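**Student:** Residues per chain are reported as follows:
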Amino acid sequence: MNVSNLHYTGQLKPLARPRIYWTISDALVLAKRHLLQIPRIPEELVFATIQPIMFVLLFRYVFGAAIVVKGLSYVDFLMPGIFAQTVIFGATTTGIGLANDLQKGLVDRFRSLPMAKSAVLTGRTISDMIRNTFVVIVMWSVGLLVGFRPDGPVIYWFAGAAILLLTSFAFSWISATIGLLVSTVEAAQSAGFIWLFPLTFASSAFVPTAGMPGWLRAFAEHQPVSMIVNAVRGLLTNNPDGSTILQAVAWCVGILIVFIPVAVWAYGRRTAR
Amino acid sequence: MSNKPAIWAEGLQKNYGKTRALAGIDLAVEEGSVLALLGPNGAGKTTAVRILTTLLKPDAGYAEVAGLDVVKHANELRSRIGLAGQYAAVDENLTGYENLVMFGRLYHLSSAIAKRRANDLLERFDLVDASRRVVKTYSGGMRRRLDLAGSLIMTPPVLFLDEPTTGLDPRGRLAMWDVISSLVADGTTVLLTTQYLEEADQLADQIVVIDLGKVIARGTANELKTQVGGERLELTVARGGDLDQASEALRPYSLGEIQVNTLERQLIVPVAQGAQLLASVVRDLDAAHIPVDDLALRRPTLDDVFLSLTGHATTTGDLSLDTPDTRPLARSTR
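Residue numbers (the numbering used here), protein chains in the order written: chain A, 1 to 273; chain B, 1001 to 1334.
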């Protein structure tokens, strides 16, 4: 091994760019890192795809027969709910990934570099959004196979997809906060999931809320997952409702306004040891 | 260059809740020299390194690295130091090449230079063949080399190595020592932490021994060894009755008092350059017809340093493996 003369002969000067450039560039470098990992851990992506496929099959063919939705085929009702559930469940990878990086010492390594501090968090949330997009495309195809026929115009499809991406991004920040507050990867895993079950199932994602008991209905009709599902469903079934869309977007923006600073605080607290 | 020390710390303190990790330590490392921070697990070594590498703010005290305040000029400092940790913080799902390019980009090098630098370092650290493999498949020694390569991207003048050889096999350890030595030969200032006296001895110009967050001794390896006692020959005879005769035979080699442990049929003889003596010791014992069960040359271990400096052994279990219970307290008279 010849390590003598490690002094590089060429220019080793950092590029001179404004701070905002590095805030974005560093986040993209880390996002690329996470995307490179995906094909290397195929079992993770397979799990992330198979789980929602199971839900599609379960609801489409087992429960679906017993669920009546006025004016819509059940599969057209179901798929927007599945999309929302997929991106929300998929967002848990943000917290798990962060907990993993903390445990392995990678966060320390990043913090010892002259990079933008925020990139550790934004890099994750961005790459998880991209990953989620991929999973939604897979789910869309699965939906088409089982009879899903979105009859809204393509522009509505994109609007629906934009709401889903925003949802993915917003829930990633909640997930990041959880991942930074718990002390192990395992805890990030269970704490990241557990609260999502009531939130996604006590919503309009899989069944119309009309059949729920009053107290549950009150919750289900006003919580963010229902708003998001209703907004996307309206767009994909060519029946968009401006006020619902606005409320869905407002929920996501609200989550971001609260959880970005909270996640940043949790990151600082976690790394100050 | 000024003759200011490359690393300077004064009264560093850090508490984690009620646990006192650092109780006020002072350090000074001359430019181009190597300081070893020696101590058992939990002594505060890692905390000190984390403060000096800007990862942690001290509760009290002041520290300067490469002329920059570690708190006030943290961000500027980060491109002038390298840190390689005991956990080999590289991404195990990326290849060696991808890891180094990523770190280069995060040091804000252009993509082209980051790539060139990555190839350059992979070559120098003998990782070219493995450069396109994911790190998961690397051996412990390869990971450490990659980790170290990552910390050298900007050719930092000051390098921090937190237990660089913990968990490596002897071959990996020797290879790592080689790398560190050649970096120092190039003028890099190094602060390394270690649990092994031998490692500090091998690499460091100055050794600072810390325990429970306090500096309990400092000096060169030789100074410390003189304090602790040098090499010892440990001889176990086959027949207890031979002890006196064996003691007589070994008298000429001894630098001080020979300790006799009747129960274990063992003699402990303080010696210098024992390896060169071994052959003639064996010949002499043979000539005196003394059958031998065991003959070993022992260097003082961290446990010996601690016993001698603090009166208590290190609290780490793994170190006691190479220090038998019959540990002698004999001191060299040098």
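Be a bit skeptical, because a hint or two may be false.
[Said to hold, decoys possible] 30 Å max Cα-Cα, derived DSBU-like pairs, lysine-lysine:
1. A:Lys13 <-> A:Lys32
2. A:Lys70 <-> B:Lys1136
3. A:Lys13 <-> B:Lys1214
4. B:Lys1214 <-> B:Lys1136
5. A:Lys104 <-> A:Lys32
6. B:Lys1057 <-> B:Lys1018
7. A:Lys104 <-> B:Lys1057
8. A:Lys13 <-> B:Lys1057
9. A:Lys32 <-> B:Lys1136
10. A:Lys117 <-> A:Lys32
11. B:Lys1214 <-> A:Lys32
12. B:Lys1018 <-> A:Lys32
13. A:Lys13 <-> B:Lys1004
14. B:Lys1057 <-> B:Lys1072
15. A:Lys104 <-> B:Lys1004
16. A:Lys104 <-> B:Lys1136
17. B:Lys1018 <-> A:Lys70
18. A:Lys13 <-> B:Lys1072
19. A:Lys70 <-> B:Lys1004
20. B:Lys1057 <-> B:Lys1214
21. A:Lys104 <-> B:Lys1115
22. A:Lys104 <-> B:Lys1018
23. B:Lys1018 <-> A:Lys13
24. A:Lys13 <-> A:Lys117
25. A:Lys104 <-> A:Lys117
26. B:Lys1072 <-> B:Lys1214
27. B:Lys1004 <-> B:Lys1214
28. B:Lys1018 <-> B:Lys1004
29. A:Lys32 <-> B:Lys1004
[To be verified] Covered stretches of chain B, as calculated for chain A (at least 3 residues, CB under 8 Å):
30. 1071-1083
31. 1170-1176
32. 1215-1225
33. 1233-1244
[Unchecked claim] Across the chosen pairs, the derived CB separations fall in these ranges:
34. A:His222 <-> B:Lys1214: 36 to 44 Å
35. B:Lys1115 <-> A:Phe134: 45 to 53 Å
36. B:Lys1214 <-> A:Met54: 38 to 46 Å
37. B:Gly1042 <-> A:Ile67: 57 to 65 Å
38. B:Asn1041 <-> A:Ile38: 54 to 62 Å
39. B:Ile1216 <-> A:Val258: 44 to 52 Å
40. B:Glu1198 <-> A:Ala187: 33 to 41 Å
Calculated from the structure, these hints are not laboratory results. Keep in mind it's a predicted model, so treat the numbers as computed, not measured. Heads up, the beta-carbon is just placed ideally off N, CA and C, and yes, glycines get one too.
**Student:** Against each hint, give a clear statement of whether it holds in the structure.
**Tutor:** Verification of the hints:
Note on A:Lys13 and A:Lys32: the hinted pairing holds, with a Cα-Cα distance of about 23 Å set against a maximum of 30 Å. Using a Cα cut-off of 30 Å, the hinted pair A:Lys70 and B:Lys1136 is violated, with the two alpha carbons roughly 53 Å apart. With a C-alpha separation of about 39 Å, the suggested pair A:Lys13 and B:Lys1214 falls outside the 30 Å cut-off, and the hint is violated. Only pairs whose Cα atoms come within 30 Å are accepted, and B:Lys1214 paired with B:Lys1136 is rejected, the gap being roughly 38 Å.
A hinted pair counts as satisfied when its Cα atoms are at most 30 Å apart, and A:Lys104 with A:Lys32 qualifies at roughly 19 Å. For the hint linking B:Lys1057 to B:Lys1018, the alpha-carbon distance of about 17 Å falls within 30 Å, and the restraint holds. Taking the CA atoms of A:Lys104 and B:Lys1057, the gap is about 21 Å. The hint holds against a cut of 30 Å. For the proposed pair A:Lys13 and B:Lys1057, the alpha carbon gap of about 28 Å is at most 30 Å, so the pair holds.
Restraint check for A:Lys32 and B:Lys1136: satisfied, since their Cα atoms lie roughly 18 Å apart, inside the 30 Å limit. Taking the CA atoms of A:Lys117 and A:Lys32, the gap is near 17 Å; set against the 30 Å cutoff, the hint holds. As the CA atoms of B:Lys1214 and A:Lys32 are separated by approximately 43 Å, the hinted pair breaks the 30 Å bound. In summary, the hint linking B:Lys1018 to A:Lys32 is not supported, as the alpha carbons are separated by about 41 Å, beyond the 30 Å threshold.
At roughly 25 Å between alpha-carbon atoms, A:Lys13 and B:Lys1004 fall within 30 Å of each other, so this suggested pair holds. For the hint linking B:Lys1057 to B:Lys1072, the alpha-carbon distance of about 10 Å falls within 30 Å, and the restraint holds. Pair hint A:Lys104 plus B:Lys1004 does not hold up; C-alpha atoms about 35 Å apart against a cutoff of 30 Å. Taken as a hint, the A:Lys104 and B:Lys1136 pair is honoured in the structure, with Cα atoms around 13 Å apart against an allowance of 30 Å.
Pair hint B:Lys1018 plus A:Lys70 does not hold up; C-alpha atoms about 63 Å apart against a cutoff of 30 Å. In summary, the hint linking A:Lys13 to B:Lys1072 is supported, as the alpha carbons are separated by about 22 Å, within the 30 Å threshold. For a cut-off of 30 Å, the pair hint linking A:Lys70 to B:Lys1004 is broken: about 81 Å separates their Cα positions. Straight-line distance between C-alpha atoms of B:Lys1057 and B:Lys1214 comes to about 18 Å, which keeps the hinted pair within the 30 Å bound.
Between the alpha carbons of A:Lys104 and B:Lys1115 the distance comes to roughly 25 Å, so the proposed pair stays at or under 30 Å and holds. Proposed proximity of A:Lys104 and B:Lys1018 is supported: the alpha carbons are some 26 Å apart, at most 30 Å. Distance check on the hinted pair: B:Lys1018 and A:Lys13 sit about 44 Å apart at the alpha-carbon level, beyond 30 Å; violated. This hinted pair checks out: A:Lys13 and A:Lys117 have alpha carbons roughly 20 Å apart, not beyond 30 Å.
Restraint check for A:Lys104 and A:Lys117: the C-alpha separation of about 18 Å stays at or below 30 Å, so the hint holds. Only pairs whose Cα atoms come within 30 Å are accepted, and B:Lys1072 paired with B:Lys1214 is accepted, the gap being roughly 25 Å. The straight-line distance between the Cα atoms of B:Lys1004 and B:Lys1214 is roughly 24 Å, inside the 30 Å bound, and the hint therefore holds. Among the hinted pairs, B:Lys1018 with B:Lys1004 is inconsistent with the structure: their alpha-carbon atoms are about 35 Å apart, more than 30 Å.
A C-alpha spacing of about 41 Å is found between A:Lys32 and B:Lys1004, which places the hinted pair above 30 Å, so the restraint is violated. Only residues whose C-beta sits within less than 8 Å of a C-beta in chain A count toward coverage, and the region 1071-1083 of chain B has 6 of them, enough to reach three; the restraint holds. Under the rule that three or more residues need a Cβ within less than 8 Å of chain A, the assignment of the region 1170-1176 of chain B is violated, with 1 such residues. Proximity of the region 1215-1225 of chain B to chain A, defined as three or more residues with a beta carbon under 8 Å from a beta carbon of that chain, is not established by the 0 residues found.
Taking a C-beta to C-beta cut-off of 8 Å, the region 1233-1244 of chain B contributes 0 residues in contact with chain A, too few for the three needed, and the coverage statement is violated. For A:His222 and B:Lys1214, the Cβ-Cβ distance of about 59 Å falls outside the hinted range of 36 to 44 Å, so the restraint is violated. In this structure the hint that B:Lys1115 and A:Phe134 lie 45 to 53 Å apart at CB is violated, the actual value being about 27 Å. Between B:Lys1214 and A:Met54 the beta carbons are some 59 Å apart, a value that contradicts the proposed interval 38 to 46 Å.
In this structure the supplied range 57 to 65 Å holds for B:Gly1042 paired with A:Ile67, their Cβ-Cβ distance being about 59 Å. Between B:Asn1041 and A:Ile38 the CB atoms are about 37 Å apart, so this pair departs from the stated range of 54 to 62 Å. At about 49 Å, the CB distance of B:Ile1216 to A:Val258 agrees with the hint of 44 to 52 Å. For B:Glu1198 and A:Ala187, the hinted distance range of 33 to 41 Å is satisfied, since their beta carbons lie about 39 Å from each other.
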